[in-house]
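*Asks:* With chain A's structure known, arrange chain B on it following the hints.
In order, the protein sequences belong to chains A and B. Once you know that position 183 of the first sequence is 695 in the numbering used here, the rest is easy, because the numbers rise by one and skip nothing. Once you know that position 212 of the second sequence is 207 in the numbering used here, the rest is easy, because the numbers rise by one and skip nothing.
These are calculated hints, taken from the structure and not from any lab test. From a predicted model like this one, the values you see are computed outputs, not experimental measurements. Careful: at least some of the hints might be erroneous.
[What the hints assert, rightly or not] Stretches of chain A that chain B covers, calculated by requiring three or more beta carbons in the stretch to come under 8 Å of a beta carbon on chain B:
{"no.": "1", "region": "645 to 658"}
{"no.": "2", "region": "725 to 735"}
{"no.": "3", "region": "772 to 786"}
{"no.": "4", "region": "790 to 796"}
[Said to hold, decoys possible] With a cut-off of at most 27 Å between alpha-carbon atoms, the simulated DSS-like pairs for lysine-lysine come out as follows:
{"no.": "5", "chain 1": "B", "residue 1": "LYS51", "chain 2": "B", "residue 2": "LYS314"}
{"no.": "6", "chain 1": "A", "residue 1": "LYS593", "chain 2": "B", "residue 2": "LYS411"}
{"no.": "7", "chain 1": "B", "residue 1": "LYS240", "chain 2": "A", "residue 2": "LYS593"}
{"no.": "8", "chain 1": "B", "residue 1": "LYS357", "chain 2": "A", "residue 2": "LYS675"}
From the three backbone atoms N, C-alpha and C, an ideal C-beta is built for every residue, glycine too.
So the chains spell out like this:
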Amino acid sequence: MQRRMSLAGTTGVLDGIQAAAVPVRRRRLRLLPYALLAPSLLFLVLFTYLPVARVLVESLYDKPHGTGAATTFVGLGNYAKVLADPAFRQAALNNLIYAVGVLVPTIVLALAFALAVQRSTRFSAVLRTVFFFPSLVPLVAAASLFFFIFLPRVGLLDYYLAKIGLHGPNWLGDSDVALWSVIGLTVWKNAGYYMLFYIAGLQNVPRDTIEAAMIDGANAWQRLRFVILPALATTTAFVVVIALIQLLTNVDHVIVLTRGGPSNATNLLLYYIFQSAHENFEYGKAAAATLMSVAVLLAISLGSMRVMERGARGNG
Amino acid sequence: MRIGRLGLGALALSLATAAWPAWSQTKIDFFFPVPVEGKLAREMTRLVKLYNESQKEVEVVASYTGSYDDTKLKAQAAAKAGKPPSVVLMSANFNVDLKLSGDIISLEPMLKADETTREDFLKDFWPALHANATVDGELYGVPFHNSTPLLYYNVEHFKEAGLDPAKPPRTWAEMVDAAKKLTKGDRSGFMMPAGYDYLGWLMEALSMSNGGRYFNEDYGGEVYYDQPSMLGAARFVEDLIFKHKVMPQGVTEAGGVSTAFFAGKASMVLLSTGSLSFIRESMKTPYDVAFVPKNVRNAVPIGGASLVMFAGQSEDSKKAGWKFIKWLSSTDTLGGWSRFTGYFAPRKSAYDKPEMKEFIAKNPDAKVALDQLPYAKPWFATYQTVAVRKALEDEIQALMNGKKKADQAVKDAQKKADELMRPYAETTSLKLP
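Next up, chain B with everything else stripped away, as it sits in the complex:
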């Protein structure tokens, strides 16, 4: 039923766009999601209008396509209907799967036409972004906006509990200690979102802070769920709930965690840096931010979206799309978008601009988030990304509900993930001469 309706929508869309005269201009479709509706969609529409007015050769038709997941769905549906969008702003951890399914194209030919190399092109982008931009050693996505997890804490609660708000916990041990002091009545010392998608990302943060890698960033058929780094992270979550009793039992979605934080029912929360603007606007009492506490090392996964190009478009359309991508990922555009949304700009040079320096000086919390960026690592992206991630999430959710112990949970998650990635392994690393 849902599929049918989407198909119809895609049909209507393609009919509507086909009705326009082409002239000498190349007309291309651009699909974009925004996690927060309204304001951001309007800003993107404004940017595209600005681009269309700035030159004559390319006309970009921008379509707001809902959430990250919806955007992937709609772009694939449009491609299936024979009308692939030229450029799509896609959640960066879908790139491996979309390359494997043949939906998106390598950007290497465009680099070649521009007489540049991948290394040169990516040089200005934060190192943590390179892995998600490339698949099997070729460029597939141009990073557009990014985020990492961040620890937000209630300054008044800290003072009340005799903790120094200028010295937030830096290690897991300090965090447990603080959380115990902060937990009082129906107030939790610590909370983290545990709905699908968010939980996988935060477990990646905890396992990386525990020295781990979560997945093999060079090969899509491997994850490290039953390794000490993830096992330790899973036990840590289990202990926070059942041993230290500083986190409520069961799963709380991101909206529940931020609401609890605003309502003073949670003193420390792990949320995305992408929530910075939202929390800045909604939080009534003083708060501050800090790095994600570490056990072995400081490390966080990067999240965000990159610009990809869909298969099945004409050469003219490809050229036009690439031109648009280059404009959209220019230092100035990225910097402006970053200040507007609260996401990181993926280009380091964006932070050398005076308007950015001024912005950072005005928003010290954005500075902490930026300082954590050098410790960022790639976002998990494997064969069957969503299902492989869910294999871990289902088990951790069971653990959070007291249905499973950490040791068993990571073992079962690994088994399920291996099963899911098996067909890929069979045709790659296990295919021997």
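Bound-form chain A, shown alone:
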């Protein structure tokens, strides 16, 4: 950030000098960046900002399904309706449990994997592939696989549990267990992917600092806790942001495995939005719920970006 600001400062000064010297060339120069940006801006506006604006407008109107009533402006009425809907509250709570439940083990595993395979030996190359493999499987395919793993009594999981004399629960059919089964699948799916970021992050941890810590007599745990982890703060902040976005925007496995059931126990926000719009004809409510989810995502992203900037400043 600092670097960017100082750069901006220099161009400003340069612009000033050039403005006095060659005004025509300057104008052309000023247009050029916009011309270069135009294609992507156009698509960004068409396919991102315009739909957002439309959803915003749609969230303020209500057209009761099938009653012949006209579309009416209801202000924040849809938002109030969504917030009062127990199904929405449960989806929001589920999403929170799901996010924390996935995030913590995923990050711990990703870091552990990265530490285990960071040296480039032939064995760790194999291990990297093994850890990364679940990320290559599309979520829908992974969910279809886990359908058979989770099958009560005949599934793979219960088969092996039975070998050690344990009796598994109804993994996806018990409303107390189902969300945790979905969490388990997601951790399995994502940990290898975030490992990649940590491997990259670990390459940037200065060797000298680690060696200095070793000379000072720090043991492996202390080196991790006081040298490596602080140096990885930026990576972690980044991983948290993309993970949270993923956790709010991916519901493929919920659709394949439970469709939000039993009794809404695995219903997540995006699936709730889908149900409102496409099963229940409540477009206004769906739009309001969408905007609220996007607002939460934006807040999280902005917060984490600040952390990242701070990290970058600390490093640089």
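*Replies:* Okay, now just chain B, sitting in the frame of chain A:
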């Protein structure tokens, strides 16, 4: 995100279809789902090709649009984008909602142009299908393929437990008795799918077998969840799990139930007649089928899909679409599709054809399913069909997980359903002069 992608897909599709020259032929879009991918989609494509080659006026462009739910979504998205499909094979219990939302059109004008009446047109279709084909007294859908729930049972388990496989349980009492004898170790005497959609359908079967109706087939704003017929059905399910302990606790999806049946972990299962071909091909040990056991009377809900036409198309397109519907719902086409898929043919006359008689003789399990058809009743279709159904399903799932008692569950389900249907009631039955 998902919506955006669908919109794009619809856009791409409409661009692709718009690029073709029209000539004098009328080109129409036909969207169709198939619950089982691959084989069935190819057969449908073959049928459409056959139709296109059989005449010159209409050219049908068939698009496979995924599951029932996806098909509804894609058809609505295409209509919103100004390019409605002419004909769609739609899950029959969406018809009320789609009529109310103005997505599909009445087929009465086509009947009139053909100088026929609804009664005449529907005469050859099984009586149970009439309610789902009509909304507010007008024809909106032409039945295409149908199914009902059916009891499948493991013949070897029956013998092992000292039961006669030639005499499957006919009543709830006999079923409980058999299930108790069949339950052994980690083997369940009875199982039924309890995921969304399937559970609503099976609860309808149980409440109907208990003398009930589940919903008001003439008016979209009423369901009978807290009535004795449904209460009894809910208590029955509760007892199967917690009192008789013949069914595992919690929810099992259809795939889990059929797998358990194949693996010998469930002796009796309730599944669709639409699964007949699948079970015939996958089951390694002998099995047989029977009517859904009754408590008060024999009755099962019908399920399936019908052909509907979307609003917003030109007169030419409507004419062409109707022509195609008539061909697709002809006795011969329906009969062939039925033998290929295992679904019922909705026309009674399809079963008078020699090739059908031969098929039934070869597959006695299909005969049992057919014999149950006269007891079939309409599939629930109300205002907010999916949400109203889910209101019951969420409660029954809670009951199956031991979180709620049957009496409370049906009461809560009724309350939620009434809330959902309230806006419709307000503008119809509660709107007084």
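*Asks:* Look at each hint and say if it fits the structure.
*Replies:* Hint by hint, here is what the structure shows:
For the region 645 to 658 of chain A, the assignment as covered by chain B is violated, since 0 residues bring a beta-carbon within under 8 Å of that chain's beta-carbons and 3 are needed. A stretch counts as covered by a chain when three or more of its residues have a beta carbon under 8 Å from one of that chain; for the region 725 to 735 of chain A and chain B the count is 0, and the coverage is violated. Check result for the region 772 to 786 of chain A against chain B: holds, 7 residues qualifying (beta carbon to beta carbon below 8 Å, three or more required). A stretch counts as covered by a chain when three or more of its residues have a beta carbon under 8 Å from one of that chain; for the region 790 to 796 of chain A and chain B the count is 4, and the coverage holds.
A hinted pair counts as satisfied when its Cα atoms are at most 27 Å apart, and LYS51 of chain B with LYS314 of chain B qualifies at roughly 14 Å. With a C-alpha separation of about 15 Å, the suggested pairing of LYS593 of chain A with LYS411 of chain B holds against the 27 Å cut-off. Note on LYS240 of chain B and LYS593 of chain A: the hinted pairing is violated, with a Cα-Cα distance of about 41 Å set against a maximum of 27 Å. Distance check on the hinted pair: LYS357 of chain B and LYS675 of chain A sit about 43 Å apart at the alpha-carbon level, beyond 27 Å; violated.
Hint compliance for this structure: hints 1, 2, 7 and 8 are not met, and every other hint is.
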